[in-house]
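Chain residues, written in single-letter form:
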Amino acid sequence: MTTTSIPRHRRKFRFNFAYIFLTFGSLISLLPFVWMILSSFKTLREVRQIPPTLFPEEFTLDNYDKVLTDEDLPLGIFYRNSAIVALANVVQVLFTSSLFGYIFAKFDFKGKRALFWFILSLMMIPQQITMIPGYLILAKLGLINNLLALIIPAGIDAFGIFLFRQFAHSIPNELLDAARVDGASEFQIYGRVVLPQLGPALATFGMLTFMFNWNAYLWPLIVLTEKNVRTLPIILTWFSNQMVDKTNLTMAASVLVILPVLFVFLLVQRWIVEGITLSGMKG
Amino acid sequence: MTKSVRFFWRRAFRGRDAAKKRFLAGTISPLVLYMAFWTLFPLVWGLALAFFDYSPRRAGGFLGFGGGNPFVGLQHFQNMMDFSSGAALEVQQFHIGIKMTIVFAALVVPLNMLVTLPLAFMIESVHKRLRGLFRTIFFLPVLAPSVGVAIMWGFIFHPQRGLLNAIIGKFAGKLIGINWLGDPNIVIGGIPIALFAIVIAYIWQDLGYNMVIFIAALQAIPDNIKDAAKIDGANRWQMFTRIIVPLMSPTIMLAVVLTMISAFQVFDIIQVMTDGGPNDQTQVLLLNIYNYAFRYQKMGWAAAVSIVMFLLVISVSLVQTRLLRTEWEY
Chain A
169 MTTTSIPRHR
179 RKFRFNFAYI
189 FLTFGSLISL
199 LPFVWMILSS
209 FKTLREVRQI
219 PPTLFPEEFT
229 LDNYDKVLTD
239 EDLPLGIFYR
249 NSAIVALANV
259 VQVLFTSSLF
269 GYIFAKFDFK
279 GKRALFWFIL
289 SLMMIPQQIT
299 MIPGYLILAK
309 LGLINNLLAL
319 IIPAGIDAFG
329 IFLFRQFAHS
339 IPNELLDAAR
349 VDGASEFQIY
359 GRVVLPQLGP
369 ALATFGMLTF
379 MFNWNAYLWP
389 LIVLTEKNVR
399 TLPIILTWFS
409 NQMVDKTNLT
419 MAASVLVILP
429 VLFVFLLVQR
439 WIVEGITLSG
449 MKG
Chain B
1141 MTKSVRFFWR
1151 RAFRGRDAAK
1161 KRFLAGTISP
1171 LVLYMAFWTL
1181 FPLVWGLALA
1191 FFDYSPRRAG
1201 GFLGFGGGNP
1211 FVGLQHFQNM
1221 MDFSSGAALE
1231 VQQFHIGIKM
1241 TIVFAALVVP
1251 LNMLVTLPLA
1261 FMIESVHKRL
1271 RGLFRTIFFL
1281 PVLAPSVGVA
1291 IMWGFIFHPQ
1301 RGLLNAIIGK
1311 FAGKLIGINW
1321 LGDPNIVIGG
1331 IPIALFAIVI
1341 AYIWQDLGYN
1351 MVIFIAALQA
1361 IPDNIKDAAK
1371 IDGANRWQMF
1381 TRIIVPLMSP
1391 TIMLAVVLTM
1401 ISAFQVFDII
1411 QVMTDGGPND
1421 QTQVLLLNIY
1431 NYAFRYQKMG
1441 WAAAVSIVMF
1451 LLVISVSLVQ
1461 TRLLRTEWEY
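Protein sequence lines correspond, in order, to chains A and B. Going by our numbering, the first sequence opens with residue 169, and the numbers climb by one from there. Going by our numbering, the second sequence opens with residue 1141, and the numbers climb by one from there.
Chain B on its own, in the form it takes in the complex (with noise of 0.2 Å):
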């Protein structure tokens, strides 16, 4: 570089460390201020409220804690340990959220990889005009608020009312009146019936989201690839099998995680489909915290029960962090 150039440059950037200081300055202190406000202190305050037998309808000291909304230490926790018939109703509706909760995703995690996968197989293997329209098609509930499709759901499973009972009624040449939202005694395999239900509308409404996912995984996949197993002779389910899914298994990993971290906070669908019930069978975690929190003003101990739900999630996230770092190549 010339003296001149040199000079140039210098003269060109005078001032400029200085304004990006001040801009870094005008944007990053805002930042900062906000999250602090917004994130870090609720974050904090929800881990205190877990140690206070806390309620905002009594009073207390600073953010109402102490008063009438005494420290109570690990007794949540222990609390939730309790596992004899005589536990507190709290205590019960805990072991049932956290257990609808894993069986709730159990249940449509599977499901929703058994529906999709193949369905974005299956669209990418018709015409190419009607490939958009296939997709449209399933992808539509997902731009649906979730609480319309509770709603439609609900007059769906209606026992009298119903279509899904009009159609069975059909085929079966009687009335039937089966109360798939609301009778308790109906249990299979352990899993209330209500819920199989649930599980039902929720995967008619998430499948659009790993369909879109699969089907550009699927796009991705070099034509070199497919067309070297087509020209060995294999046919369509062999491609299936053999080359695609195994080509794809780093996005199927990705989808079970994402899918099993929603299915763990479901909670718009339940809450207007059964709002919990029949007799508490589907109170999944989040409604439960809900209840306790909202409805009956227990926010202490409805924050401990977040914690659990909280390591629930953030379990499975680490694996997905895991899943993200690592580059894969066909």
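Looking at chain A on its own, in the form it has when it is part of the complex (with noise of 0.2 Å):
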């Protein structure tokens, strides 16, 4: 019998208990989504039944097309508002934090040091601390119930600047020089030698600042009370506490709300989980 090695990615299938405990754990993890979409397809009679069924006895797309219809609740107002404040502040975030990053990584000027230390120092800030003032701030505006409320006070990104402060230092400065030497000026440099070397970093951060944004809760439910300037989390929400007792309505509302934004943060899985080992950023 030849034991020639087998190359570690061509080697067979060897079963271990690992497989038990992660498919397993897969059902579980996945129980929750499961049991929000198939009691979407339920009838009202059919979810205040007791015991519970897991699959729908009757199957109905009446929820749906309640949920679509009502005019309490236009989706397509509520996905147009998280659309326009994460797309805002994916683009302003990620314009502050390379353009200061690249100049913190690459430039000396006075109070550099101290103007770092403070923009590190508001990394350990929790935000809470600011969220009073900054209600008072943008009530003083007159911003309340404006969508800007989550946009203006979100130009800066302490943790944005940080990290692209350490991919800019990897840049070349004869890359910068040459450019110089050709007669960039200082904002061409910026656009067109250091943009592009930032690349992977704008992608991997940037999906990540948009979900962070999509997925916001406090902040907007502390600016945004009327209701349709909301932004789906907390119109999720409401819905919920006015359906109380029709769970059928709130987990089609559910579904519409979570599963189409969730596919397409599947599809950039890859970005967002190298952003949050790169980081170790949370929420």
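Think of the hints as simulated: they come from the structure by calculation, not from any bench. Fair warning: this is a prediction, and the values are worked out from it, not measured in the lab. Where is the CB? At the ideal position from N, CA and C, for every residue including glycine.
Interface residues of chain A toward chain B, partial, derived using beta-carbon atoms under 10 Å:
1. Y187
2. S194
3. F201
4. L290
5. I293
6. A322
Partner residues are not named here, just some residues of chain A that face chain B (Cβ under 7 Å, in silico):
7. V215
8. I300
9. N383
10. L386
These two chains come separately, so use the hints to put the complex back together.
In structure tokens, the structure reads:
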């Protein structure tokens, strides 16, 4: 018998107990989603049944019909609100993080150390301590119940600046000086030389920022109190409170709010995972 | 350098220093102004609020201070130390808040590690084709909004229609009506059952973070170390406890700190699932701050509570920066 070594990746399936644990764990992990989806196809009578059923005995699409035609719940508007806020914040945060990350990595100026130290210390300060005055400022500016309340104060991400500074360090100075010799302005150097070098980091950090903004709850809850300016997470809790006992409708609304974007996030999962492992960042 | 080359450089860079200065002035000064207005100013204002009996409903002088919102000094902080049974409601709720926030973190952190470390190790041990699938399944809840997670789990824990009681009922052979999120009388080891229910939902959503961090750390462990252990006859369990966990200890420490910080700041899932109930049993600090600042408009008191919360978080954050600064080597 020959015992040539097989390359690790082509090794045959070798059973171990991990498969049992992981399969069982996967079922538990997926169960809440499955339960939500199955319940959204049940009739009101069936969700009220004791004990409950897992699979719908009487499969119905009525719940979706009701949620989508509910005049109190114009989902299109809330999708649009969430998209405006998330996209605007991704664009501005990527711009400021890459620009100032680059500047802190490659330039010297008076007060640089103090400013950078201040930004670093911001990373440790929980957002909650500026929550109350932040609200009062926005109230004074008349921006409560305006989507701008979620965008204007979110212009700087201390962590983003810190992250992009690390990346910008690895850009060779020769590249920048060559562009200077060629007569490029400093802004052109940032836009045409530095930004392309930061490409992968921009994708990773952009996805992460989008996800956090899309799923944000506390701050939107505070500054958006009128119904039609709200974003998806707050409208979902509002709807579920309205529908106290009609769980089938709440579940249909949850499916419509959660699943489409969950699917998109799944497609770009690679970048999100990369971003988390890179930074250890949490929502 | 010859004279002509030096001349060339000087020509090429003439005006460059001025251009750099303009560039810096044009970018750094807006940054400083922006940060002064949107971070430094709110920070100072927030600190100041804690020393006033402030409510946005009442009129006052500059920034609403004075007038109807008098300066009270350290009164809020003194009140916090009132542990007598006759303490004001807000003080009693604050005590619950501190206690529940710490209990919540103390439950979440070890349970999370206990699940995610073996999970990452197991996922790395299965066939390559299946790794991506398993990782995606366990990572999925991270991508979902926490509000949706809370609604899903709230329904699972429903006393009559919920999935959990139905499953338990199947095994027990009778109807089970445990009110997981609403019964204040079921307390295990001093911890209300609603908090356990929330911990389960929270960990279900949160474990993907640490899982991917641990998977990355596992992949960074050099193969020769693992191979050497295998040649020495180590089995999987020994490999895990004697080789993998010690080598990953810096990553584990960091994950512990990050998990703890975010557990201290838990809000979404609790606000939606129980809103602090039953009987304030699950009213964690941030929920407490939110209620007093934005529901009851007692912002001075809420600001004082947020300073306490800030101290709690910052003390753990300082440990984190220590860890980040240390260089680790295999």
